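S.K.: One-letter residues, chain by chain:
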Amino acid sequence: MSVTTLTMNGTLVSAAEGATLLAVAREHHIPIPTLCHFEGLSEVGACRLCLVEVEGSNRLQAACMTKAVEGMTVTTNSETLRSYRRQIVELLLAERNHVCAVCVANHTCELQNLAVSMGVHHVRYEPQAPQLSMDASHPRWILDHNRCVLCTRCVRVCDEIEGAHTWDLMGRGRHTLVISDLHEPWGQSESCTSCGKCVRVCPTGALFEKGTSATNKDPHFVTYLKMAREQKLWNR
Amino acid sequence: MESLTRPRVATVWLGGCSGCHMSLLDLDERLLDLAERMHLVYSPFMDIKQFPEHVDIALVEGAVANEDNARLLRLVRSRTAVLVAFGDCAVAGNVTALRNPLGDPMPVLARSYGTDTSRIPGVGANAGSVPPLVPKVHMLRSLVAVDYYLPGCPPPADLIFFVLSELVAGRTLNLQSRATLG
Chain A
11 MSVTTLTMNG
21 TLVSAAEGAT
31 LLAVAREHHI
41 PIPTLCHFEG
51 LSEVGACRLC
61 LVEVEGSNRL
71 QAACMTKAVE
81 GMTVTTNSET
91 LRSYRRQIVE
101 LLLAERNHVC
111 AVCVANHTCE
121 LQNLAVSMGV
131 HHVRYEPQAP
141 QLSMDASHPR
151 WILDHNRCVL
161 CTRCVRVCDE
171 IEGAHTWDLM
181 GRGRHTLVIS
191 DLHEPWGQSE
201 SCTSCGKCVR
211 VCPTGALFEK
221 GTSATNKDPH
231 FVTYLKMARE
241 QKLWNR
Chain B
405 MESLTRPRVA
415 TVWLGGCSGC
425 HMSLLDLDER
435 LLDLAERMHL
445 VYSPFMDIKQ
455 FPEHVDIALV
465 EGAVANEDNA
475 RLLRLVRSRT
485 AVLVAFGDCA
495 VAGNVTALRN
505 PLGDPMPVLA
515 RSYGTDTSRI
525 PGVGANAGSV
535 PPLVPKVHML
545 RSLVAVDYYL
555 PGCPPPADLI
565 FFVLSELVAG
575 RTLNLQSRAT
585 LG
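Those sequence lines, one after another, are chains A and B.
The opening position of the first sequence corresponds to residue 11 in our numbering, with each subsequent residue numbered one higher.
The opening position of the second sequence corresponds to residue 405 in our numbering, with each subsequent residue numbered one higher.
Keep in mind that the hints are not guaranteed to be accurate.
Listed next, with one range per pair, are the computed distances between beta-carbon atoms [claimed, not checked]:
1. A:T15 / B:G574: 49 to 55 Å
2. B:G518 / A:R150: 32 to 38 Å
3. B:P511 / A:G129: 33 to 39 Å
4. A:T186 / B:G518: 33 to 39 Å
Output of the computed footprint for chain B on chain A, the stretches with three or more beta carbons under 8 Å from beta carbons of chain B [to be verified]:
5. 84-90
6. 106-114
7. 117-125
The hints are simulated quantities; they were obtained by calculation from the structure and are not laboratory data.
Owing to the predicted nature of the structure, the values given are computational and were not obtained by experimental measurement.
Using N, Cα and C, we set each Cβ at its ideal position, and we do this for glycine too.
Start from the sequences and build out the full structure, keeping to the hints where you can.
M.R.: Take a look at the structure:
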C-alpha cells in the first residue's frame, strides 16, 4: 500500500492512499468538528462543519469528502474556519425549533455540544420557527422534524447497514424532510424492519424512543457496540 | 466599599417561569458576599414598582411575550449600561417562544381557554385585564441591544455567580465554553 505525505497545520503527516483529510486528521489526533459524519457510514458532506483550507484552492473543502494528495498543505483551524463553523451551528439552531431545555437530547445532543465547544451562547439569526410535524405512528419510536438537522445519518445507516432504505429525503433546502417509504407514516412503512439503527445514530433529538422525556435520550448505545466489538465481548 | 460607589444592579422578570431567579437564589450564602460588592436597586425580590434610572448592570430573565414585557425591556435598555440576557428564554426564546410556530396567539389562547372569546383574559370584552400578547414572542436581541448572554434553563448558580462577580468588578465577560443552551 503506497503512502501519501502531506502537511497538516504545519506538520508533516502520512496517510494511506485514498484516505480522506478527515480520516488523516483523526488518525493524527487533529480535532475537526463534524455532524453528518458517522464512522462506518459513507460520507455526504452535508453539514459543512469539517471545512478546511487547502493551499492552492480558493474554496474551502469538506475534509470528509476530500482525499489526501501527495504534497498537499492543509489548515484545519483558522479564524476564518472558526467563524464559518460558528455560523453553521447558529444557522442550524435558527432553522428549526431546537428548544434544548425541553428536548429529549438535552446535554447529550451533538449539535448542542458543538455549540458549547465553539462558545456559541446565542444565535445571531432570527429563529425561523417553522411549523413542523412529529411522526409518532411507529409503536416504538418518534420522528420529530423540529429537531432534525438533515445530516442523513438515519438515511445512510438504514440503507447501508440495515439494507432496508426506509428513509429518504423529500423537498429542497430548508423545506427538506426526512420521510419513510413514499412519505407514508413510519408506523405503516412496509420496508422498516424496526431495527432502531436510525434512532441510535441520530445526533439530536429528531429520532427517539417513546417514553423518553426531556434530557433522557441515551446516546451511548453505539459507543457500547463499538467497544464490545473491539474488545470481542461477543466471542466465546 | 462605600454603598454609593457600588455598581447598581437590577434583575428583571419578563416572559419566563422565574426559574432563572430561583437559580439566582441558589447562590445561597454567596448572595451575602455579592451584597457587599453591589447595590440591588430593582428586582422581583424587592418591593419596588418603578425601574430606576442609572442602572449599571441588569440581568433580564424571560422573553418578550406581551406588550408590557416589550415596554419594560425598552425602559430597562434606556436606563442600563450593561444588559445581560439571563437564561434561555431571554437568549433564544426557549419555552416562551414555543407558540411561535403556530403563528398567532389566538390558537394558543383558544387551546388553553376554549374558543369562547368571552372567557379569554385580555381579549375582546376582557381587554385591559392583562397585557395583550404580542403576535410573536421575541428573544431580547430582536428588540434591543444585548451586551452579554448567559444561557441555560436555568443558568447554573455557579455560572450566575461567576458572571455577577466579573461584571460587578467591572471586567469584560468571557464565558467561552463554560455555558450551554438548555
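S.K.: Is 33 to 39 Å right for how far apart the beta carbons of P511 (chain B) and G129 (chain A) are?
M.R.: 37 Å Cβ-Cβ, so the 33 to 39 Å window holds.
S.K.: Do three or more residues of the stretch 106-114 of chain A come closer than 8 Å to chain B, measuring C-beta to C-beta?
M.R.: Since three or more residues must qualify, the claim that chain B covers the stretch 106-114 of chain A holds, with 6 doing so at under 8 Å.
S.K.: Falls inside 49 to 55 Å, the C-beta gap from T15 (chain A) to G574 (chain B)?
M.R.: 52 Å, holds
S.K.: Count the residues of the stretch 117-125 of chain A whose Cβ falls closer than 8 Å to any Cβ of chain B, and tell me whether that reaches three.
M.R.: It holds: at least three residues are needed, and the stretch 117-125 of chain A offers 4 whose Cβ sits within less than 8 Å of chain B.
S.K.: Taking 32 to 38 Å as the stated bounds, is the beta-carbon spacing between G518 (chain B) and R150 (chain A) within them?
M.R.: 35 Å, holds
S.K.: State whether the coverage of the stretch 84-90 of chain A by chain B holds or is violated, taking the criterion as 3 or more residues with Cβ-Cβ distances under 8 Å.
M.R.: Coverage by chain B is violated for the stretch 84-90 of chain A (0 residues, Cβ < 8 Å).
S.K.: Measuring from beta carbon to beta carbon, are T186 (chain A) and G518 (chain B) in 33 to 39 Å?
M.R.: 37 Å, holds
Comparing the model with each numbered hint stated earlier shows that hint 5 is the single one that does not hold.
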